[in-house]
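S.K.: Below are the chains, spelled out letter by letter.
Number of protein chains: 2
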Amino acid sequence: MATIRDVAKLANVSTATVSRVLNNQGYVNNETRKRVNDAIKQLNYRPNDVARSLFKGRSKMIALFVPDIKNPFFPELARAVEDVTNKHNYTFVLCNTDDNLDKEITYLNGLQQKSVDGLIMVSSTISQEDIKNISVPIISLDRKFSSEVSSVTVNNRKGAEIATRYLKSIGCKRIAHICGPQSASNSMDRLKGYLDVVKHESWFLSSYVVSGDYRFQQSFEITREMLTQHPEIDGIFVGNDLMAVGVLKATKSLKIKVPEELSIIGFDGISIGETTTPTLTTMQQPIYKLGVRAAQILLDHINNPNHDIIQEEWDVTLIKRDSTK
Amino acid sequence: MATIRDVAKLANVSTATVSRVLNNQGYVNNETRKRVNDAIKQLNYRPNDVARSLFKGRSKMIALFVPDIKNPFFPELARAVEDVTNKHNYTFVLCNTDDNLDKEITYLNGLQQKSVDGLIMVSSTISQEDIKNISVPIISLDRKFSSEVSSVTVNNRKGAEIATRYLKSIGCKRIAHICGPQSASNSMDRLKGYLDVVKHESWFLSSYVVSGDYRFQQSFEITREMLTQHPEIDGIFVGNDLMAVGVLKATKSLKIKVPEELSIIGFDGISIGETTTPTLTTMQQPIYKLGVRAAQILLDHINNPNHDIIQEEWDVTLIKRDSTK
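Sequence lines, in order, name chains A and B. Start counting the first sequence at 4; every next residue gets the next number (the working numbering). Start counting the second sequence at 4; every next residue gets the next number (the working numbering).
Derived from the structure by calculation, the hints contain no laboratory data. From a predicted model like this one, the values you see are computed outputs, not experimental measurements. Be aware that one or more of the hints could be misleading.
It does not matter which identical chain is meant; a pair holds if it fits inside one copy or across any two.
List time: in silico SDA-like cross-link candidates among lysine to any residue, alpha-carbon distance up to 25 Å [claimed, not checked]:
| # | residue 1 | residue 2 |
| --- | --- | --- |
| 1 | Lys-195 | Glu-228 |
| 2 | Lys-90 | Asn-103 |
| 3 | Lys-135 | Lys-147 |
| 4 | Lys-161 | Tyr-30 |
| 5 | Lys-292 | Asp-101 |
| 6 | Lys-323 | Leu-257 |
| 7 | Lys-106 | Trp-317 |
| 8 | Lys-171 | Ile-7 |
| 9 | Lys-135 | Leu-46 |
| 10 | Lys-63 | Leu-13 |
| 11 | Lys-44 | Leu-257 |
| 12 | Lys-37 | Trp-317 |
| 13 | Lys-106 | Ala-5 |
| 14 | Lys-37 | Gln-116 |
| 15 | Lys-135 | Asn-92 |
| 16 | Lys-135 | Gln-45 |
| 17 | Lys-176 | Ile-165 |
| 18 | Lys-12 | Ile-313 |
| 19 | Lys-73 | Ile-173 |
| 20 | Lys-260 | Arg-324 |
| 21 | Lys-161 | Asn-112 |
| 22 | Lys-37 | His-203 |
| 23 | Lys-44 | Asp-105 |
| 24 | Lys-328 | Asn-40 |
| 25 | Lys-258 | Arg-324 |
| 26 | Lys-44 | Gln-116 |
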């Protein structure tokens with residue numbers, strides 16, 4: 004493989020000049036520039052990216068932090084971010100944090116040492132204090148963790164409100180909510196949106212709200228319990244689709260007919276909701292688009308050190324399928 | 004942040020000596036080594052990994068190629084590989100190839116330039132010829148593509164045979180197969196295992212085999228068609244679980260009772276099979292374990308340039324759930 008020295012020799016210039024041409028930095032006259040570029044072409048020279056990153060303090064590498072790629076919400080986000088970064092010749096690093104702050108900090112330090120160019124974080128645990136020494140741009144995705152960090156999220160509260168109002172509009176008179184973990188800001192915003200609609204209803208009981216963990220199995224169990232204690236419930240707004248699949252399963256095991264006796268609406272719009280019988284009505288997030296926007300804003304911040312903080316909040320869309328009347 | 008020069012100054016040695024201590028290379032006497040290590044500690048010095056990788060030709064970075072992280076088989080593999088690489092302080096790079104050879108080649112070249120240390124590839128399109136210039140270890144995962152490359156796979160043919168025999172043993176008399184794409188070696192091996200059991204049966208018809216694409220939607224459609232044309236079918240071995248969820252959905256839309264009138268068995272053991280009603284009987288692959296083994300073998304190959312080729316083939320396990328009699 005040709006080296007920078009071979010290029011310099013053929014073009015009859017110093018390696019420093021070749022370097023200036025490669026990095027588009029400093030003055031090189033046009034005739035010399037052409038000679039260097041011809042030599043690069045002739046020798047099929049490809050600069051070593053490791054050397055380049057040492058020189059520039061950049062690795063052409065960006066990282067995405069997610070709690071767990073096995074949760075089916077995250078592969079679509081990851082795919083979107085990777086599609087954008089790949090298109091711009093960035094290497095895509097994936098980190099599973101398990102919502103564990105120590106793991107997040109360890110990843111942050113390790114990636115800084117590797118001169119990562121920027122980070123996209125889905126995090127419920129990180130705070131502004133934890134990232135104050137990080138010198139590269141960070142985008143928070145799905146969950147906001149600081150007003151000083153650019154973010155791409157959805158309007159969770161409004162989405163939850165639309166979902167709950169929709170259940171009312173189709174005739175539900177006792178509407179329950181399976182909410183996500185308290186540590187996740189999006190989960191708490193969805194709870195607020197639900198409460199905005201129901202808290203002044205005469206029928207509202209605090210036991211109509213139960214806490215899930217955004218996963219299938221626990222949702223199945225707590226829904227069975229809730230519906231056994233409260234057979235009057237005729238509508239459930241569920242904090243995410245994966246838990247809503249657990250709710251559907253619980254209704255089948257209790258022989259409750261959906262949607263005839265009980266209407267169910269989820270949140271997220273992941274593809275599993277199209278595979279169930281009945282298919283799942285849901286508040287659809289533009290998941291792929293959110294990932295794309297986070298990656299685009301990150302690349303913008305990397306290339307423009309004097310960027311503004313951008314906080315985008317996207318709307319979610321009611322998708323009516325067969326789990327609601 | 005402290006630099007290598009600060010460490011050298013405090014320890015009263017040259018930067019070359021600090022480098023020898025850091026990289027555990029060349030002779031350094033014990034007293035000097037202690038002085039350097041004390042200085043590193045005192046200054047909280049962390050070597051820049053980019054400089055280290057330039058020096059060593061290594062990036063402490065490994066990459067996993069998958070067709071598409073959105074296919075629910077791959078997040079569990081990716082999680083396993085990342086868990087192992089993270090434990091050994093390697094950065095985990097994820098590449099979505101869409102089973103597109105051009106994309107794979109572009110990733111390979113890009114990662115070589117970035118001094119990637121090794122690769123794990125799930126690929127149906129790559130051949131030995133395509134990787135002959137790749138100088139770092141490669142492990143093929145899930146699908147074998149060369150006898151010269153270490154691999155971690157399962158015994159697909161035997162697994163398919165067990166699945167089909169099981170359908171016979173519970174009384175199925177007309178057993179169909181939805182197979183995966185012809186380009187995937189694992190899909191063709193599963194087809195062979197099915198044929199091993201049924202091809203000499205008097206009832207066997209070639210129209211009992213239809214080709215899917217390992218996805219949900221197409222499987223739903225081709226199953227509806229097949230079951231409408233062949234209502235005598237009372238058992239289906241499906242090439243993967245995602246397609247089996249499509250088969251379940253098709254039976255519901257045709258009001259065929261599972262398992263009373265038709266038994267269904269999938270392949271993979273991904274978690275979606277536990278969420279369906281009925282739950283899905285399947286041939287379970289040790290998915291997480293496969294990812295862990297691929298990563299362990301890769302790290303072994305990285306650290307031992309004179310390694311042997313290792314080709315591990317794991318067994319799959321019949322998991323009886325509610326979609327079979």
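S.K.: Each hint needs a verdict: does it hold in this structure or not?
M.R.: Evaluated hints:
| no. | hint | verdict |
| --- | --- | --- |
| 1 | Lys-195 <-> Glu-228 | within (23 Å within a copy, 46 Å between copies) |
| 2 | Lys-90 <-> Asn-103 | between (31 Å within a copy, 15 Å between copies) |
| 3 | Lys-135 <-> Lys-147 | within (16 Å within a copy, 46 Å between copies) |
| 4 | Lys-161 <-> Tyr-30 | neither (55 Å within a copy, 66 Å between copies) |
| 5 | Lys-292 <-> Asp-101 | both (24 Å within a copy, 19 Å between copies) |
| 6 | Lys-323 <-> Leu-257 | both (24 Å within a copy, 22 Å between copies) |
| 7 | Lys-106 <-> Trp-317 | neither (29 Å within a copy, 31 Å between copies) |
| 8 | Lys-171 <-> Ile-7 | neither (70 Å within a copy, 66 Å between copies) |
| 9 | Lys-135 <-> Leu-46 | between (45 Å within a copy, 20 Å between copies) |
| 10 | Lys-63 <-> Leu-13 | neither (28 Å within a copy, 34 Å between copies) |
| 11 | Lys-44 <-> Leu-257 | neither (70 Å within a copy, 62 Å between copies) |
| 12 | Lys-37 <-> Trp-317 | neither (47 Å within a copy, 56 Å between copies) |
| 13 | Lys-106 <-> Ala-5 | between (41 Å within a copy, 24 Å between copies) |
| 14 | Lys-37 <-> Gln-116 | between (36 Å within a copy, 24 Å between copies) |
| 15 | Lys-135 <-> Asn-92 | between (28 Å within a copy, 23 Å between copies) |
| 16 | Lys-135 <-> Gln-45 | between (47 Å within a copy, 22 Å between copies) |
| 17 | Lys-176 <-> Ile-165 | within (16 Å within a copy, 51 Å between copies) |
| 18 | Lys-12 <-> Ile-313 | neither (47 Å within a copy, 44 Å between copies) |
| 19 | Lys-73 <-> Ile-173 | neither (34 Å within a copy, 34 Å between copies) |
| 20 | Lys-260 <-> Arg-324 | both (15 Å within a copy, 23 Å between copies) |
| 21 | Lys-161 <-> Asn-112 | neither (37 Å within a copy, 46 Å between copies) |
| 22 | Lys-37 <-> His-203 | neither (75 Å within a copy, 70 Å between copies) |
| 23 | Lys-44 <-> Asp-105 | between (47 Å within a copy, 21 Å between copies) |
| 24 | Lys-328 <-> Asn-40 | neither (67 Å within a copy, 70 Å between copies) |
| 25 | Lys-258 <-> Arg-324 | both (20 Å within a copy, 19 Å between copies) |
| 26 | Lys-44 <-> Gln-116 | between (33 Å within a copy, 17 Å between copies) |
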